[in-house]
Each structure stands twice: as structure tokens, then as C-alpha cells.
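Student: Take these sequences, add in the hints, and give me the full structure.
So the sequence lines, in the order shown, correspond to chains A and B. Each residue of the first sequence is one higher than the one before, starting from 1 at the first, in this note's numbering. Each residue of the second sequence is one higher than the one before, starting from 1001 at the first, in this note's numbering.
It is worth saying that the hints were derived from the structure and are not from the lab. Any given hint might turn out to be false.
[What the hints assert, rightly or not] The calculated BS3-like cross-link candidates involving lysine-lysine, where the alpha carbons are at most 27 Å apart (straight line), are:
hint, chain 1, residue 1, chain 2, residue 2
1, A, K91, B, K1033
2, B, K1033, A, K121
3, A, K149, B, K1033
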Amino acid sequence: MNALLEVKDLYVDIPLAAGVLHAVRGVDFSVDRGQTLSLVGESGCGKSLSVLAVMNLLPKKAKWYADTITFDGQEMDKVRERQMANIRGSKMAMIFQEPMTALNPCYTIGNQLEEALLRHKPVSRNEARDRAVFLLEKVGITAAGSRLKQYPHQLSGGLRQRVMIAMGLMCDPPLIIADEPTTALDVTIQAQILALLASLQKEFDMGMILITHDLGVVARMADYVAVMYCGQVVETGRATELFENPLHPYTQGLLRCIPVPGKTKPGEHLGSIPGIVPTPIGKQKGCVFQNRCTYVFNDCTSAKVGLTRISAGREYRCLLSPEVCRQNMNESQST
Amino acid sequence: MRLTRTGMMEVLASDYIRTARSKGLRPGPVLFKHALRNAIIPVVSLAFVLFGYMLGGAFVIEYVFAVNGVGFLAVRSIERADLPVVQAIILLLSVIYVTMTLLSDILNAYLDPRIRVK
Ligand SMILES: Nc1ncnc2c1ncn2[C@@H]1O[C@H](COP(=O)(O)OP(=O)(O)OP(=O)(O)O)[C@@H](O)[C@H]1O
Ligand SMILES: [Mg+2]
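Tutor: As C-alpha cells, then:
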């Protein structure tokens, strides 16, 4: 059984005045129908660019190449932009980070919703409108019929993000990519939108890639997780396993940054990861995390650090053995 | 023209163009439906402001090149202190200018729903 989307060895380069920015360096991930894969990592680690490359929506100057990208049994690197345009929207849809700017201010939301369906399916305007109303109600917008005539600036951020979700669902795509769908929204709305996404995913049996930097969100939503750091996947696995038994020092650091109810005492300092992310411009030798890692040793600065496979779908990118990694985590927790 | 070009480049790099492309729209609709309308809004406002300058420019040009026109007539009338004609011309040009400005506002409101008021 092949996965719905399988990405192998994806690279994205952006030429800049200061040199070539290797924003994504050899990323693998895969999603299946009905599953949620979460890409986590701090700002600028290349999460957005990875999925934009899959949709062939990168900024013009950015170059991407991959070993293979298969989607729905089809090899995508051989697919040209023309065919790609047929797939976008109908088979994979994307929800963007910024609901404030992602809708065209000049057209009503009805117009923008209907257009997504009219582009791909031989339906009439009225049918498209019915579908739009149906989906707006699904995403929890009341008086959907009259909302269709409104312009984006007349809606709040939460509503716009709901509209974006409805727009993604217009053609009932097997894969939906949500790029930090809730970062621009306030906390109460965030919870609603996430719950909504989770229930829609179940209902329409979609595969979902959820990009976020919030591990709380990952814990609630994801089946599989890929932790990214500086353009690479440093650890992947089932969400439950990864949370229980984080191996890579970076993942461990991230997990130490979240307060645990009952365990973190009030007033106690939360963990943080010291140091800064290395510049992604130019080639790098050794482990990408070396300058911030507590357990760094000589080999880290010179050896090529590849992904080590522990079991199917469970991999990590560190020179230390899993046992040592586990021990490190336990020690750091007990102090 | 340059404003259209830079405006268009700016618009083409914007988020909603990416959204439009993410729906699978072909380059045609993306350019002419989603991009052009947004890019043309500042151009329309500017064009009408420039029209005002052109009215002023007409005075100078017509006088310098002795072209028979409103501007030429106006300058001659001022020289001869022909008050009624001067008044008439000023009134006429003001009316034209105000109408044009109104037209620009209406056109802009049509193009850009954000500045519409109920
Ligand atoms: N158009 C661009 N031009 C130049 N550099 C870019 C461009 N887009 C992204 N980058 C760079 O590529 C790197 C990865 O960007 P990306 O948008 O994928 O980050 P991200 O992981 O999505 O972060 P965030 O959580 O902030 O969305 C960053 O260092 C960013 O500065
Ligand atoms: Mg991003």
C-alpha cells in the first residue's frame, strides 16, 4: 500500500545576495488518507517552503528538487505546471498562515469560494453556490447565504480562517495542507478552529499535513510527527511514541519547554534551548544542532549525521545511540 | 505606466495571489481577475490627479504655442481684464474638475469594496 503523499529527499534553495540559502535540505515525509502528519519546528526552519514545494507554489526565485514525490500513485516531478494546476485545489488544497491577507480584498467570499469549484468541476454557478453555503455552515458560519455577499474586510480573522478552510474543502480533496492555520488567531478561536479541522478531516477522510510550532497542538491533533530543525527532519515517529520517548536533543529540548500540569511547579522556570539557529546560508559540516546541543562531542562537528532508523517510521538524526539519548532525557528530567 | 508595472509586481507577490494559484486557477484568471484589479486601483486615482495637472498644463502649452483653446482664451482674457469670460472659464473648468474627481471616486469605489460606504 502506497501512501497518499510521499516525499523523498526534498531540497529547496533560495539564491540570495549573500549566497545560496539552503532552506530545506533533504526532507522526507509521507501522509495517508485519514491521517494527520504534523511538521513542527521553530520559525524559519523551512516548514512552509517544504509544503509549498510539494504544491509547486514556491516564490519564483526559489529552486526545489527532490528524489521522488508521489501523490495519489502519480510521480509529481514529472508533472508539469499545467497538470499541477489541475491537481491543486481539486486533489490537494492548502490553508495559509495569514487569513488577513490570503483572501482577495476585491471579491466577495462567495465569488472566491465558488471559483475554486467552478475551476475543477463541470457545475453551474448555482450548484457551486449551494456547495459554498453547505461548507460555510459546516465550518460553523451562521447565515451562510448572506455571508457569501460579504467582502473579506467585513469578516473577523476567525471567520476568514473558516472561509479559508471551506475554500480548501470545495472540491473535497484527499489531502489538505494547513500551514499554521491558527497562529494569527486568539487562543479561544484557535481551539475551535483546530477542533473543526480535526472533525472535518474525520468526516471527509482526508489526509492532513498540519504545520505548527505548538507542541500542544501536535499532541492533540497528530498521528505522526516530523520535527524539523534548520531545514532537516531531526526526528520522526508516531506522535505518542515521540512524546513518550523523545530521542533527539532538540526534540527533548522542545518538550522541556512546555509546562506539565502537576509537574511544573508554579513560578518555576520553563526550559529554553540556549543559543541561536545557525544561518542556513552555505553548506554546513556535521550536525545542524551542534552549537546548541548539551551533549555535543567531537564527531558532531565533522561527521555526516544521517537519519538512524529504529523501527518503521521512527527515525532520528543524532550520533548518540537511542539508549544514551533516553538516559539523557531521564537525567535532565530528574534534576 | 511604471506605477502599473511596480504595482502589478507587488500584487503578484501577495498572499491572495498564492491563494488563487493554490485553487488551481490558470495564469490567465490569476493575472486578469485577481491581480490586475488590485494593481489598477492606485493607477486610477493617480490618473485623475494627473488630469488636474493637465488642465493647468493646457494653459501654458496653449499660450506658448498659440493654440486656440480654452487655456489660450483664458490667458488672453486675463490680459485684457475681460472678467465675464475669465469667470466663465474658471466655472467651466471647476465643474469639469469636480466631475472628474467624483468620477474617480465612483470608479475607485466600484473597483475597491473596502472604500465603499453604505
Ligand atoms: N521569499 C523568500 N526569500 C528569501 N528567503 C526566504 C523566502 N521565503 C522563505 N525564506 C527563508 O527560508 C527559510 C525557511 O522559511 P519558511 O517560510 O519555510 O519557514 P517556516 O518554518 O515556515 O517558519 P514560520 O514558522 O515562521 O512560518 C527562512 O530562513 C526564511 O527566511
Ligand atoms: Mg511558515
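Student: Assess, step by step, whether the Cα of K1033 of chain B is no farther than 27 Å from the Cα of K121 of chain A, and give holds or violated.
Tutor: With Cα atoms ~19 Å apart, K1033 of chain B and K121 of chain A stay inside 27 Å; holds.
Student: Can you confirm whether the C-alpha distance between K91 of chain A and K1033 of chain B stays at or below 27 Å?
Tutor: The given pair, whose Cα atoms are some 23 Å apart, holds under the 27 Å limit.
Student: Tell me if the straight-line CA distance from K149 of chain A to K1033 of chain B falls inside 27 Å.
Tutor: 18 Å, holds
Comparing the model with each earlier hint shows no violations; every hint is respected.
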